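Protein sequence lines correspond, in order, to chains Y and L.
So the first sequence is numbered by the working numbering: it starts at 1 and just counts up by one.
So the second sequence is numbered by the working numbering: it starts at 1001 and just counts up by one.
Just so you know, these hints were derived from the structure itself, not from any lab.
Predicted, not measured: the structure shown is a model, and the values here were computed from it.
Don't take each hint at face value.
Okay, the calculated bits of chain L under chain Y, using three or more residues with CB under 8 Å as the criterion [as the list claims (entries may be wrong)]: (1) 1043 to 1057; (2) 1100 to 1106.
Here are the simulated DSSO-like cross-link-like pairs (lysine-lysine), alpha carbons at most 27 Å apart as the crow flies [as the list claims (entries may be wrong)]: (3) Y:Lys49 - L:Lys1083; (4) Y:Lys69 - Y:Lys107; (5) Y:Lys49 - L:Lys1071; (6) L:Lys1071 - Y:Lys110; (7) Y:Lys107 - L:Lys1057; (8) Y:Lys107 - L:Lys1083.
All residues carry an ideal CB built from backbone N, CA and C; glycine is no exception.
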Amino acid sequence: AQSVTQLGSHVSVSEGALVLLRCNYSSSVPPYLFWYVQYPNQGLQLLLKYTSAATLVKGINGFEAEFKKSETSFHLTKPSAHMSDAAEYFCAVRYSGAGSYQLTFGKGTKLSVIP
Amino acid sequence: DGGITQSPKYLFRKEGQNVTLSCEQNLNHDAMYWYRQDPGQGLRLIYYSQIVNDFQKGDIAEGYSVSREKKESFPLTVTSAQKNPTAFYLCASRHTDTQYFGPGTRLTVL
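In isolation and in its complexed conformation, chain L is listed as follows (with noise of 0.2 Å):
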């Protein structure tokens, strides 16, 4: 079954925590992208990646960290930086001109 999976579904941070959260596809897609999606302020771009070892930051980067080490794996890292990190995070990945998302992950920081 083709996919993109994200781990876990929802996570629990506390206050100065690093936190990772996973992004897997095996759909063979070279581009990927993390997204953060905030109550009425539809989906925000973290940081994309086009091809395995590169990535470039979107337009809400700071405290965010990625790397991509493999085509079918792009992890995002939540650093303490992050001041307010309580959100939905949308992993996706492109094919030609479309982006297929995978189900997120619900963070909250207590």
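Next comes chain Y alone, as it looks inside the complex (with noise of 0.2 Å):
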């Protein structure tokens, strides 16, 4: 079955370093790849998102991830953390031939920023 691993459940940052959470899928067919960011109680905002055009993706609020296919790799990446940016990351998939563009996420990724 197709996956999408996220490494890390939870990630701690001081506020002002990189950010980094990764995420690697299974498939040797470039999906369209996800990340989409949630706040406590709310649903889920799109950051940004890959559809086979440039390799670098930039999103809102400074998110930026690359996509790699040699190691089925769409990290995600801020150059400098800010506080608001505490939440929960998730990274989404859709593998070729998904019906109705379904999406398989990964578990998630949360993301502290100690001041």
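Now that you have both chains on their own, put them together as the hints suggest.
Here it is in structure tokens:
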């Protein structure tokens, strides 16, 4: 079965430090890839998406992600963490052939930002 | 203001009762989805609908039912057959390749 792996259920960074959240997918065929953010007791908000155009994708709030086919990865980064970045982040993948654009989600990474 | 609304935000249910969660969108999207979220589990697909009067089971449909009588509405019923219904439920609609999410309903079984 197709899967999405997010390494680290919890990540802590200091304010101003680099944020790196990892996501790996399981397919030899490049899929569509998404990062969503969720604040407590809220829905998911789209941060960015990769749909086979540029491999470096820029999103909202200063986040970006790079698609690396050789590593089957789509890691999310932000150069300088802000307190408002504390939230849970989900990587999602639409695999080729997935009916009705179904998404497979990772289990999420909760980001804490230390002042 | 376009968007997806879910109501209620919090819902309490006694064991053995059916309960219906509302999802409405005014984005004119054809496809809609229901997900269940449990802590540390990510999102799991319950049902989806690509068009009015049509819907398909997702990965965890047992104990749930849906209807799609109108384009803008996709209600989810949690039946008494669902053995562990306490969770956060998220509705989404899709435009081209991207799903957009509502604010969620937190269901607690007492």
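Checked hints:
1. 1043 to 1057: holds (count 6)
2. 1100 to 1106: holds (count 6)
3. Y:Lys49 - L:Lys1083: violated (35 Å)
4. Y:Lys69 - Y:Lys107: holds (21 Å)
5. Y:Lys49 - L:Lys1071: Answer holds: lysine 49 (chain Y) to lysine 1071 (chain L) is near 26 Å, not above 27 Å.
6. L:Lys1071 - Y:Lys110: violated (35 Å)
7. Y:Lys107 - L:Lys1057: holds (21 Å)
8. Y:Lys107 - L:Lys1083: With a Cα-Cα distance of about 22 Å, the restraint between lysine 107 (chain Y) and lysine 1083 (chain L) holds, given a limit of 27 Å.
Against the hints set out earlier in the document, violations occur for numbers 3, 6.
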